[in-house]
Each structure stands twice: as structure tokens, then as C-alpha cells.
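Asks: So the chains spell out like this:
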Amino acid sequence: MKKAFLFDLDGTLIASELLPAIAADLGIYDEINELTQATMAGDIPFDQSFRYRVELLESVPESRVAEIILSQPVHNELMDWVLTNKERCWVVTGNLDCWIRPWLEKYGLRGYSSISRRENGKLVVSSILHKASVLSDFKGYYTCFVGDGANDAEIMRNSNISIACSLIHPAANMLLEIADFVVMKETTLCRILSRL
Amino acid sequence: MSNTITVVISAAGLGSRLGLNKPKALVKVEGKPILSYQFELIKDLAEVVVVVGYKADEVIDLIAQLRPETIIAFNHEYQHSGTALSVSIASQVSADWIISLDGDLIVESKSWTSILNHPTSCLGLGPVVSKSPVYAHLNDEGKVFDLTQDPLRPSDLEWSGIVKMRSKEAKNLGKNHVYQGLLKYLPMDWVEVDTVEVDEPDDLIAASEWIKSKWRKDL
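Read top to bottom, the protein sequences are chains A and B.
Per this note's numbering, the very first residue in the first sequence carries number 1; after that it's consecutive.
Per this note's numbering, the very first residue in the second sequence carries number 197; after that it's consecutive.
Careful, some of the hints might be misleading.
In silico DSS-like links for lysine-lysine, alpha-carbon gap of 25 Å or less [claimed, not checked]:
1. Lys224/B / Lys251/B
2. Lys185/A / Lys251/B
3. Lys2/A / Lys364/B
4. Lys139/A / Lys3/A
5. Lys408/B / Lys327/B
6. Lys367/B / Lys2/A
7. Lys408/B / Lys228/B
8. Lys218/B / Lys251/B
9. Lys2/A / Lys86/A
10. Lys228/B / Lys239/B
11. Lys380/B / Lys339/B
12. Lys367/B / Lys3/A
13. Lys408/B / Lys224/B
14. Lys218/B / Lys371/B
15. Lys306/B / Lys224/B
16. Lys228/B / Lys251/B
17. Lys239/B / Lys185/A
18. Lys3/A / Lys364/B
Just so you know, these hints were derived from the structure itself, not from any lab.
Generate coordinates for the entire structure from the input sequences, incorporating the hints supplied.
Replies: Here it is in C-alpha cells:
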């Protein structure tokens, strides 16, 4: 059976949480960080939190945000593995298409993301990606999902195999009830991926 | 062979007979959790999978402190399944060979080395000490041809809970007791091992004495 490896972006392929990193660059770190922490703890639902965090960034040009994303460190060993296995890998992220498109293009990767539009010059969320919906494109594949956030729970539950990442912070608690594996080091993650 | 071997530690169970409200990996003997003795034993080996279930987050915290490069696998059916399911889950991501170790077992280092160095699959056997032993029966060639818990078929040797085998075979051990899954792979070689198992409250005292007399501090 064909295999499909689906990766979350923040904290998984990219070695940071994107929204706080973007906010730090733009000088609005505290508001966004507080929201991000509360979302990771599961105190605020992802959708609500995400729309509010985008609102805090609505007047920032997409290109500026995309630039900040491109400058973030990646997990090198993991990216090497992904790029060697590009034809079997996809990125599945709740982040906005306009922000991550240059990053995906840089690495030649395909991805699923939330969708945005401009309304009266302001950036607006058209639809938030519910990651599990992506699996309908992978019927007939043996799917493996790798991620770290509470919003990864549903896609993990419905993938054939799932790996929770505690690479830059502990994986969301909920994932420990669902995931097949949890890893704390990149080398360990690459070892599992190569053996599946 | 050491580059192609993965140690699998099954630490998902409740430890209900012990009744200490924690999985046996976290039970302390002479002040240290059982899992830390197991990690000390295997510190020169590159790969270990610990299978967790009951109080997974606490076991994971300990692993993060002692050996963060560990692969942690979940057996979410730990309440209703046996160790065999844990071992088959771990085998999916293991090297060609595994040494499967029950989570409540401490192994003396020379015994461990003899299992590690044995060129083929093998079972670790010892004298009968458990309350419900898995008796091992030998054929004329000195290999183990049967494993049974039937009290009407006792033997002088019991299976300690340690086995070295191919991970491909370990994927098919079933969902119950490992020894039941192993029956289809017999006859198998065996190696004498010195181990202590912490299964019931009385075992804690024996384990303490065992550690004091046998655990090498220079490991």
C-alpha cells in the first residue's frame, strides 16, 4: 500500500511556534503568546483563538509574515528525511495559505492550510483547516500523521499511524491518549519514519 | 548485531497485583525506579522502545529525564490486553532483532550480555521462583520445546520474561501473554539468566536483597 506522511508545521518541521515568532518580530509578542499558550493548554478552542490571532496581524503585509516564517529554524534532520521522501510527504497546517506558500515553494512541498482573503485591505480568515478532512484525499494510502498540538487530535485518531512530537515543547496532553508513538528527539523520529 | 537490535520494555500494565497505584516501571527498589535499572543495563545500546499505557505521562516524564532518545510507544488497550500486544506494537518500529524485557524485571549484567551475544533467538530461563511460573520444557537437544503455566506439568526451569527474537516474528505474538505467542516459534535455544521480578508485594523485599548483592555499581 502507498504511504503518505503528513506533517504539522509549527513545532514539527519548523522548530518554533510561528504565531509567537511572527508577533515577536512585529513587537506584539505578549498578546499573541498569551493566546498561543492558552490555546495549547486547551483553554480556548483553536478556531476562536486562531481567528483572534489573525486579527491581531490583519494589517501586516503577507510578504512580511512569509519572510519571518522563511527565517525560522527548521528541524534539519527531519527536513532532510522529508526532502528525501518528498513524493510521499505533505504538510498539513492550520496556518494561512498566504503566509506559508513561499515556505512550501522553497522546499518544493505540497501542503494543506487554512484559507485567507483580503477584505477592505484587511486579512481575513475564509476557512480554518480542520485537519482530519484532509484524509479524504488519501483513501487507499497508509497514512502517518506527525504533530504536536491539540488541533492534531482528530487527524491523529483517523490516520493509520500517528506520532506525537515533543521536540520543542511537550506534545498536547490529549495526544498521549491517541497517538501510537511519542518522540522527544529528531533522530528518534526519523528512525521511526524510516521503519514504518 | 548490536547495531541491529532494539530493546523493547513493556511498561504499559497496571501492576494490579502489586497494588501500588503505579506501573511497575516506576516502582522503586533501593530508592530507584525499576526502569532506571533497566536503562542502566542497556546504556551502551542505541535503541530502546518503552511501551506505555497506565499513567503514561508519569512514565514519559521519567524517560525524559533518563533517556530522551527513547522511542515511546502506546498500548492504549493495556487494561484488556497482555504484554504480547505491547511487544508487537514496538516491533513495528524496531530493528531486525529485539530483546523483549518485561517492565517488572531486573536482569543481572552477565546474564544480559549472554542474551545479547547469543547468535540466534533465545529465551532467558531461571530456577522456578514465581507464584505462577511459565514452566519451560526441554527436548533431547536441550532446546525449549514447550512453555506452559499448567501446574500439572511443572519443570525445574521457568521462563524469566526475557526473550531475544526477530522483530518480524514478534509482530505476530497476539494480544495475550507473550509465552502463548512464542509457542509457534518453538523449539528455541535458551540461556541461563539471573533476574528478579517484582510482581507481588513480597517480591519487593526479595528485589531489595537481590539489588544489594548483585547490582554492579560500576555499570
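Asks: Verify the proposed pairing of Lys218/B with Lys251/B, using a straight-line Cα cut of 25 Å.
Replies: This hinted pair holds, its Cα atoms lying about 7 Å apart.
Asks: Given the hint that Lys2/A pairs with Lys86/A, test it: the Cα-Cα distance must not exceed 25 Å.
Replies: Satisfied, since the Cα-Cα distance of roughly 13 Å is no more than 25 Å.
Asks: Given the hint that Lys408/B pairs with Lys327/B, test it: the Cα-Cα distance must not exceed 25 Å.
Replies: Between Lys408/B and Lys327/B the Cα gap is close to 23 Å, so the pair holds against 25 Å.
Asks: Take a quick look at whether Lys2/A and Lys364/B sit within 25 Å of each other, Cα to Cα.
Replies: Judged against 25 Å, a Cα distance of about 20 Å means the pair holds.
Asks: Would the hint linking Lys380/B and Lys339/B be met if the CA-CA limit is 25 Å?
Replies: 14 Å, holds
Asks: Taking 25 Å as the top limit, are the C-alpha atoms of Lys367/B and Lys3/A close enough?
Replies: It holds: about 19 Å lies between the C-alpha atoms, which stays within 25 Å.
Asks: Taking only the CA atoms, is the gap from Lys139/A to Lys3/A under or equal to 25 Å?
Replies: Judged against 25 Å, a Cα distance of about 11 Å means the pair holds.
Asks: Does Lys239/B sit within 25 Å of Lys228/B, going by the straight-line distance between their CA atoms?
Replies: Satisfied, since the Cα-Cα distance of roughly 16 Å is no more than 25 Å.
Asks: Quickly compare the C-alpha distance for Lys185/A and Lys251/B to 25 Å and report which way the hint goes.
Replies: Answer holds: Lys185/A to Lys251/B is near 21 Å, not above 25 Å.
Asks: Taking 25 Å as the top limit, are the C-alpha atoms of Lys228/B and Lys251/B close enough?
Replies: Holds, because 18 Å separates the two Cα atoms, which is no more than 25 Å.
Asks: Quickly compare the C-alpha distance for Lys3/A and Lys364/B to 25 Å and report which way the hint goes.
Replies: Roughly 19 Å between the alpha carbons, so the hint for Lys3/A and Lys364/B holds.
Asks: Going straight from one Cα to the other, do Lys239/B and Lys185/A come out at no more than 25 Å?
Replies: 17 Å, holds
Violation of the numbered hints given earlier is absent; every hint is satisfied by the structure.
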